[in-house]
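In order, the protein sequence lines correspond to chains U and R. Numbering-wise (our numbering), the first sequence opens with residue 564 and increments by one. Numbering-wise (our numbering), the second sequence opens with residue 564 and increments by one.
One or more hints might be untrue.
Any copy, or any two copies together, can satisfy a pair, since identical chains are not distinguished.
Unchecked claim - Derived lysine to aspartate or glutamate pairs resembling EDC-like cross-links, with alpha carbons at most 20 Å apart:
| # | residue 1 | residue 2 |
| --- | --- | --- |
| 1 | K612 | D686 |
| 2 | K612 | E630 |
| 3 | K713 | E667 |
| 4 | K732 | E744 |
| 5 | K713 | E744 |
| 6 | K707 | E744 |
No wet-lab data here; the hints were simulated from the structure.
2 protein chains.
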Amino acid sequence: MDQNFLFDPSILADLDYSSWKSSFRPGVSPHNPPHGLKVRPLCATDYDKGFLGVLAQLTKVGTVTREQFMARFNAMKDDKSYYVCVIEDLNKREVIGAATLVIEQKFIHSCGMRARVEDVVVDDTYRGKQLGKILTVVLIMLSKHLGCYKISLECTDQKLPFYQQVGFKQDGTNYMVLRWEQNDV
Amino acid sequence: MDQNFLFDPSILADLDYSSWKSSFRPGVSPHNPPHGLKVRPLCATDYDKGFLGVLAQLTKVGTVTREQFMARFNAMKDDKSYYVCVIEDLNKREVIGAATLVIEQKFIHSCGMRARVEDVVVDDTYRGKQLGKILTVVLIMLSKHLGCYKISLECTDQKLPFYQQVGFKQDGTNYMVLRWEQNDV
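So here's chain U without its partners, still in its complex pose (with noise of 0.2 Å):
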């Protein structure tokens, strides 16, 4: 069955883990998740398996409708800058986890791109199987493989031993910023 992905999934097939062997449990890893899951890019019949349910554990979402969705994905896919990946539930076929990679283009390092982590989440009944850190290790080597001079993200107190453990460092740089409340819905 043709499904439509957000971005070709043989990218993640392809990519190599080895070095993160040591970092799972024994025998896991994002090509071999805990059993009836699965590491996959967003499909545009995600819609349908709570994607946008996961996303709402993380922060706000509001109403969004097929329609909109639909506009959103398709304008991701069209822009080949959005690696959203998602872990889903095969047997309650359910989105259960989520993370965008997004892909800035510079003209800073020899026109350079670099790579954010964003929107990270994984479903609270899912907790402690290591799902957080299959999607942060796929969207590092996702970054690695597009060849990204650094990956960057945003992240609580609480988060800093989680992504240290991963390879990222606190550089010195403050995150700031300006909300504009009449669209923060």
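Knowing the structure of chain U, use the given hints to seat chain R on it.
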């Protein structure tokens, strides 16, 4: 004379800076920068006007051929998510400042969009003319005009007061990075 702009210059021309009047010296605004200077979108011809040289005052640029520059310029233009703004010294016909707004599409926040400030730089010899503030305020108002729910940036401790002055806040979020040094030219 037709110029090849990265984005429609009328977007900048139509921004309303009236609420920022007290932030600038009398008579100065993004529409009225100091004498002989002009704020405008990046142009294809800025390769010959020192754009990359100004960026090199910020970070590593490396060797960028005209072909590489044009390929990246055209990719950014097609993408429609990149708003590189520059300040030109009209007498010298040189780019003496630059700042980039990048838009990221989301599923969260009702399929919203967030904006990021990237690669803000003003030529050393033009410091003290409020040009950094002019560029930053342009990007802030551009993010509002485009309907983003927030605009964020990363900066050193030294720059915190500058960005606080124009409305950015630290919210307890940490910035973390992992560098792929082999590509960090």
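Against the structure, the hints come out as follows:
{"no.": "1", "hint": "K612 / D686", "verdict": "within (13 Å within a copy, 51 Å between copies)"}
{"no.": "2", "hint": "K612 / E630", "verdict": "within (16 Å within a copy, 44 Å between copies)"}
{"no.": "3", "hint": "K713 / E667", "verdict": "both (10 Å within a copy, 18 Å between copies)"}
{"no.": "4", "hint": "K732 / E744", "verdict": "between (31 Å within a copy, 14 Å between copies)"}
{"no.": "5", "hint": "K713 / E744", "verdict": "between (31 Å within a copy, 8 Å between copies)"}
{"no.": "6", "hint": "K707 / E744", "verdict": "between (36 Å within a copy, 10 Å between copies)"}
Checked against the numbered hints given earlier, the structure satisfies every one of them.
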